[in-house]
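Respectively, the protein sequence lines represent chains A and B. Residue numbering for the first sequence follows the working numbering, beginning at 354 and increasing consecutively. Residue numbering for the second sequence follows the working numbering, beginning at 354 and increasing consecutively.
None of these hints come from the bench; they were simulated from the model. Check before you lean on any hint, since a few could be wrong.
Every beta carbon over 10 Å from chain B, so not counted as near; a handful from chain A, in silico [unchecked claim]:
#1 ALA417
#2 PRO488
#3 ASN710
#4 TYR724
#5 SER727
#6 LYS762
#7 LYS794
#8 GLY798
Label-pair ranges, simulated between beta-carbon atoms [stated by the list, open to error]:
#9 ILE480(A) - ASP791(B): 44 to 52 Å
#10 TYR387(B) - ARG509(A): 31 to 39 Å
#11 LYS607(A) - GLU460(B): 50 to 58 Å
#12 GLU501(A) - THR376(B): 37 to 45 Å
#13 LEU608(B) - ARG509(A): 36 to 44 Å
#14 THR758(B) - GLU661(A): 51 to 59 Å
For glycine and all other residues, C-beta sits at the position ideal for the given N, C-alpha and C.
There are 2 protein chains.
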Amino acid sequence: MAEQKKLVEEITSMEEDFAKWYTDVVKKAELIEYTSVKGCMVIRPYGYAIWENIQRILDGMFKATGHENVCMPMFIPESLLQKEKDHVEGFAPEVAWVTYGGSEKLEDRLCVRPTSETLFCEHYANIIQSHRDLPKLYNQWVSVVRWEKTTRPFLRSREFLWQEGHTIHATAEEAIEETERMLNVYADFCRDALAMPVIKGKKTESDKFAGAVSTYAIEALMHDGKALQAGTSHFFGDGFARAFGIQFTSKENKLEYPFQTSWGVTTRLIGAIIMTHGDNSGLILPPKVAPIQVVILPIAQHKPGVLEKARELKERLAGFCRVKLDDSDNSAGWKFSEYEMKGVPLRLEIGPKDIENNQCVLVRRDNREKYFVSLDELETKIPELLDAVHNGLYQKALENRENRTYACKSIDEIKQVLEEKGDGFIKAMWCGDEACEDSVKEQTGVGSRCIPFDQEQISDTCVCCGKPAKMMVYWGKAY
Amino acid sequence: MAEQKKLVEEITSMEEDFAKWYTDVVKKAELIEYTSVKGCMVIRPYGYAIWENIQRILDGMFKATGHENVCMPMFIPESLLQKEKDHVEGFAPEVAWVTYGGSEKLEDRLCVRPTSETLFCEHYANIIQSHRDLPKLYNQWVSVVRWEKTTRPFLRSREFLWQEGHTIHATAEEAIEETERMLNVYADFCRDALAMPVIKGKKTESDKFAGAVSTYAIEALMHDGKALQAGTSHFFGDGFARAFGIQFTSKENKLEYPFQTSWGVTTRLIGAIIMTHGDNSGLILPPKVAPIQVVILPIAQHKPGVLEKARELKERLAGFCRVKLDDSDNSAGWKFSEYEMKGVPLRLEIGPKDIENNQCVLVRRDNREKYFVSLDELETKIPELLDAVHNGLYQKALENRENRTYACKSIDEIKQVLEEKGDGFIKAMWCGDEACEDSVKEQTGVGSRCIPFDQEQISDTCVCCGKPAKMMVYWGKAY
Numbered sequence: 354m355a356e357q358k359k360l361v362e363e364i365t366s367m368e369e370d371f372a373k374w375y376t377d378v379v380k381k382a383e384l385i386e387y388t389s390v391k392g393c394m395v396i397r398p399y400g401y402a403i404w405e406n407i408q409r410i411l412d413g414m415f416k417a418t419g420h421e422n423v424c425m426p427m428f429i430p431e432s433l434l435q436k437e438k439d440h441v442e443g444f445a446p447e448v449a450w451v452t453y454g455g456s457e458k459l460e461d462r463l464c465v466r467p468t469s470e471t472l473f474c475e476h477y478a479n480i481i482q483s484h485r486d487l488p489k490l491y492n493q494w495v496s497v498v499r500w501e502k503t504t505r506p507f508l509r510s511r512e513f514l515w516q517e518g519h520t521i522h523a524t525a526e527e528a529i530e531e532t533e534r535m536l537n538v539y540a541d542f543c544r545d546a547l548a549m550p551v552i553k554g555k556k557t558e559s560d561k562f563a564g565a566v567s568t569y570a571i572e573a574l575m576h577d578g579k580a581l582q583a584g585t586s587h588f589f590g591d592g593f594a595r596a597f598g599i600q601f602t603s604k605e606n607k608l609e610y611p612f613q614t615s616w617g618v619t620t621r622l623i624g625a626i627i628m629t630h631g632d633n634s635g636l637i638l639p640p641k642v643a644p645i646q647v648v649i650l651p652i653a654q655h656k657p658g659v660l661e662k663a664r665e666l667k668e669r670l671a672g673f674c675r676v677k678l679d680d681s682d683n684s685a686g687w688k689f690s691e692y693e694m695k696g697v698p699l700r701l702e703i704g705p706k707d708i709e710n711n712q713c714v715l716v717r718r719d720n721r722e723k724y725f726v727s728l729d730e731l732e733t734k735i736p737e738l739l740d741a742v743h744n745g746l747y748q749k750a751l752e753n754r755e756n757r758t759y760a761c762k763s764i765d766e767i768k769q770v771l772e773e774k775g776d777g778f779i780k781a782m783w784c785g786d787e788a789c790e791d792s793v794k795e796q797t798g799v800g801s802r803c804i805p806f807d808q809e810q811i812s813d814t815c816v817c818c819g820k821p822a823k824m825m826v827y828w829g830k831a832y
Numbered sequence: 354m355a356e357q358k359k360l361v362e363e364i365t366s367m368e369e370d371f372a373k374w375y376t377d378v379v380k381k382a383e384l385i386e387y388t389s390v391k392g393c394m395v396i397r398p399y400g401y402a403i404w405e406n407i408q409r410i411l412d413g414m415f416k417a418t419g420h421e422n423v424c425m426p427m428f429i430p431e432s433l434l435q436k437e438k439d440h441v442e443g444f445a446p447e448v449a450w451v452t453y454g455g456s457e458k459l460e461d462r463l464c465v466r467p468t469s470e471t472l473f474c475e476h477y478a479n480i481i482q483s484h485r486d487l488p489k490l491y492n493q494w495v496s497v498v499r500w501e502k503t504t505r506p507f508l509r510s511r512e513f514l515w516q517e518g519h520t521i522h523a524t525a526e527e528a529i530e531e532t533e534r535m536l537n538v539y540a541d542f543c544r545d546a547l548a549m550p551v552i553k554g555k556k557t558e559s560d561k562f563a564g565a566v567s568t569y570a571i572e573a574l575m576h577d578g579k580a581l582q583a584g585t586s587h588f589f590g591d592g593f594a595r596a597f598g599i600q601f602t603s604k605e606n607k608l609e610y611p612f613q614t615s616w617g618v619t620t621r622l623i624g625a626i627i628m629t630h631g632d633n634s635g636l637i638l639p640p641k642v643a644p645i646q647v648v649i650l651p652i653a654q655h656k657p658g659v660l661e662k663a664r665e666l667k668e669r670l671a672g673f674c675r676v677k678l679d680d681s682d683n684s685a686g687w688k689f690s691e692y693e694m695k696g697v698p699l700r701l702e703i704g705p706k707d708i709e710n711n712q713c714v715l716v717r718r719d720n721r722e723k724y725f726v727s728l729d730e731l732e733t734k735i736p737e738l739l740d741a742v743h744n745g746l747y748q749k750a751l752e753n754r755e756n757r758t759y760a761c762k763s764i765d766e767i768k769q770v771l772e773e774k775g776d777g778f779i780k781a782m783w784c785g786d787e788a789c790e791d792s793v794k795e796q797t798g799v800g801s802r803c804i805p806f807d808q809e810q811i812s813d814t815c816v817c818c819g820k821p822a823k824m825m826v827y828w829g830k831a832y
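Pulled out of the complex, with its shape left as it was, chain A reads as follows (with noise of 0.2 Å):
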C-alpha cells in the first residue's frame, strides 16, 4: 500500500472539503490564477494546453459535419439584443454594458456578447435570399461574459472561453436532426476524450434557453454526486427568424422563414474532469486531452547514461506521444508528486539498473499499476497503457454514476435516499406539470436536471402528485 499513500500534502481531501478541494486542485495544478478583476481568470499554460486539445478534437468533428469556422464581433447594440423578447429577458440581467467609446458616450450601449444569437440573425438576414443559400452551418471560438453573483474557476465565470454552434435551415425537420446531431457529437466527445459518461436528454419548459423552442442537455454527475451540465443544444423554431425577419424564397418561389439551432460547450468542460476524474493527490486527466500523456523521470540521473538515455526516449516518444522530460535537479520524490498533482497518465521512470536490463518501469496515474517494459516495446506498450487508462477512468466514473443513482417512487423516498446515501442523480417519474417541479425542489433540494432520451419506467405515478406519469426525470443539485 505504500503507492497508496497521499503524495501530496497541500491539497485538502475530498472527503473533509470537496469544493475546498476543487480549488486547491486548480490552483495547484497551476491551471489558472485569480486576477483583480471577480470572476475573471488567468488560464495559465497548463490548463490553457487542456482547452487546446478540447478544441482540436472538438473542431474535427464540427468540420467532419460539415460547419465552418465564423467570427462575429464581441458587441451586440442594446436595440438588437431586445428584438427577440424572451431572449432579452434571459440575457439582459447579466449582461456588461459598454457606454462609453474613449471619451465619447454611445449612443446605443453594446453589451459584451452573452451569447451570440443575435449577431448571427443580423448577419443571416444580410446573406440568406433563397433556398440555395440554405443551411447556413457555422461555428465560432470565442469568450462569453455573463455578470454572475457567485463565480468558481472553469464552473461558474463572469467571462469563460467557449464554441458556439449556429446553424439555420430550410425546414424545422432539418433544423430538429441538427440539434439532436450535435448533442450526440458532444456526447460521443464526452465518451471517447474525456472518459466521461453523460445522460442526454431535454430540458424541461423552465429549464430551457431563452428563446429556444426545445432545449437538449448532456448532464454528468461528479465524484461529490451533484450533477454537472455539460453542454447543451437547442432547437429554435422560426421565431428568431420572425423577430429578425429572415425569409427565404423556397423551390416552390413562396417567401419562407428558416429554423435555427445553437449549440455550445464551455471551459467548463474542464472543471467537469478535475471532478469526474480527480483524486486526493489532484488531478487525472483522460489521455485524450492531457497536454503531457508521459513524463519522464530519470533515477539516479547523476549516474553515467541515465539522462543521456532518458533524452534519447524522450525523442523517442514524441513521435507517437506527448511526452516530457524532466531532468531538473528537484528531489525524485517531489516530481512524483508534481506530476501525480497534475495528472500526467503516465510516468516513465528510467534508472541505471532499468538500462542494465533495457527495461523502463511506467506507472498509471488512474490506479498506480506499474510495468516493467522492454525498451523494445513502448510503441506498442505506451498506446496500449494509455488507451487502459482512458477505459480505467471511464469505467470507474460510470460505476461512481451507476452507484450514485437511484430510482425513487416518492417524495418520502427522495428524501431518505439523500440523506442515507447522500447526493446523487435521482430518476423519478413526472406528470409534466410545472408546479410539480417546483414542489420536488422545494421540498427535496433537487431539480430536474433532464427528461433522458432512454426513458425508463419506475412506477406508473408522478412522484409528487400521484397524477399518471408522463415520462421519468434525473433530478439532482447542480453545478
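We have chain A; now place chain B onto it with these hints.
Chain B only, in chain A's frame:
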C-alpha cells in the same frame, strides 16, 4: 490574350480607385460582412479560414521557439491600466469602457483590453519570485478593442483578432534577443507563408509603442505604393516591472527587476495579403494560407464519366492538399470567375477529352499559365506548381517594392519622386532630430516608417536640415 481578360466585371479596377477595389474584394470574395456596430465586422468562413491557416503556422513557430499559450481576461480595471504612465496615455483615449455589470454600476470602470501588458504584469507579480521562475515565454490568441474614428475591414477596425506574445526575462540582453528573435519569426513567416517581402527595422522615438524602450517593426509595400506595418516587437526594459512591483531573487540572492517584451500580428495581415497580391479579377492567395489550394472544375459535367472522375480526383488530392470540387450546376464561366475572385492558387479542369488522354489542365491563378498534366503525375506536379505560385507571388511583390523604392538626398527630390512616380518607399538620411522627422512629413506627406537594420549610405547629410546624418530611414505614406 483571351485569358488576360477581366473575368469578374463587378470589381472596381485598382487603377480607377484602389480603396474601392479593396472593399469590393473583401466583400465579393466573402471575406467579411459589415454589422450594425461601426468598425466591427463579421469574418466569414472564407476569411476566417485564412486566419486559421495563419494561426496554425505561426502558433507552430511560437511553440518551436519555446512559447506557451495562455488566456488573460478581456477586462482591465481602470486603476490597473493607469499604473504605467506612458502606457495609459497611449491607450486610454481609445478604449471601450464597461460601466455596468447587469443593472449594477461598477465602482472601478473596466476597459475592454486594447492590449494586455497590464494584465500580464499583474499576473507576473503573482507568479514570479525567483530566477528559477524566469523566463516566462507566453502568447495568447484573442481579440482586442480600440475605439478608432475611421475604420476599414482588416486594416483598421474597432475590434480585431491578433496574437500577443508577452515574455519576461532575468536580463535586458535576453529580452532584447527575444524582441529580435520574434521580429525575425514574423519576417520569415511573411516571406515563407504569405509570399510577402518585408523591411525589418526599428521605429523612431516618436513612433514607439506606449511604454516601450524600443519598438521593432516589419514594413511591407502595398500595390498602391503605400506602406503597411505588418507586425511589431517591443522591448520594455524594466519599466513595467518597476511600475507593477515585479521582482525576483537572483542567483546571487539579490532582489532585482526583470525585463519584458511583447510582440503581435493581427488580422491586418489579411489586408496585407489582399493589397500585396490581388489583381483586377480579385484575390490571389499565397498557397500556404489559401483555404482552397486547388479547385476542381469538371468540364461538360453532364457527359458520362466526368463527375465520377472529378470525384475520384478530389479524394486523391485531399491526401496532399486542400481541395474543393465544384460540381454545382453553375456555368463553367461563372465558376472560372468565382474562383479567380476567391484567389484559389490552382484551377484543375477535367473534361471528356482530358479523361480520354489521361490528363487534366492546371491553371495558375497568379499568371494564368496553363499546363497539361498527366493524371499519373498529380502528386508531384501539384506541389511543384503550388511552390511555383508562391515563388511567383514573392518575386512579383519584391519587384513591385524595388521598383517603387527611391533613394532621395533632399526634400525637393522626395517631392519630385512622389509627384512623378507616385507613392512608394523613400530611402533618405536623417540626423535623428524629431523636428526634422516632423518637417519631412509636413513638407512631403511621407512619415518615417522605420530605421532598417540593413543600413545604406544614401548621402552624408540629413535630408531635412543638412547636418551630418546618423542613419538611413525608410519613409512612406502608411495604412
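The hints, checked one at a time:
1. ALA417: 13 Å, holds
2. PRO488: Per Cβ check, PRO488(A) is outside 10 Å of chain B; nearest 13 Å; holds.
3. ASN710: 35 Å, holds
4. TYR724: 31 Å, holds
5. SER727: 32 Å, holds
6. LYS762: 42 Å, holds
7. LYS794: 24 Å, holds
8. GLY798: Non-interface label stands for GLY798(A): nearest chain B Cβ at 27 Å, farther than 10 Å.
9. ILE480(A) - ASP791(B): 44 to 52 Å: 46 Å, holds
10. TYR387(B) - ARG509(A): 31 to 39 Å: 35 Å, holds
11. LYS607(A) - GLU460(B): 50 to 58 Å: The hinted range 50 to 58 Å holds for LYS607(A) and GLU460(B), with Cβ atoms some 55 Å apart.
12. GLU501(A) - THR376(B): 37 to 45 Å: 40 Å, holds
13. LEU608(B) - ARG509(A): 36 to 44 Å: 38 Å, holds
14. THR758(B) - GLU661(A): 51 to 59 Å: The hinted range 51 to 59 Å holds for THR758(B) and GLU661(A), with Cβ atoms some 52 Å apart.
The earlier numbered hints are all upheld by this structure, with none contradicted.
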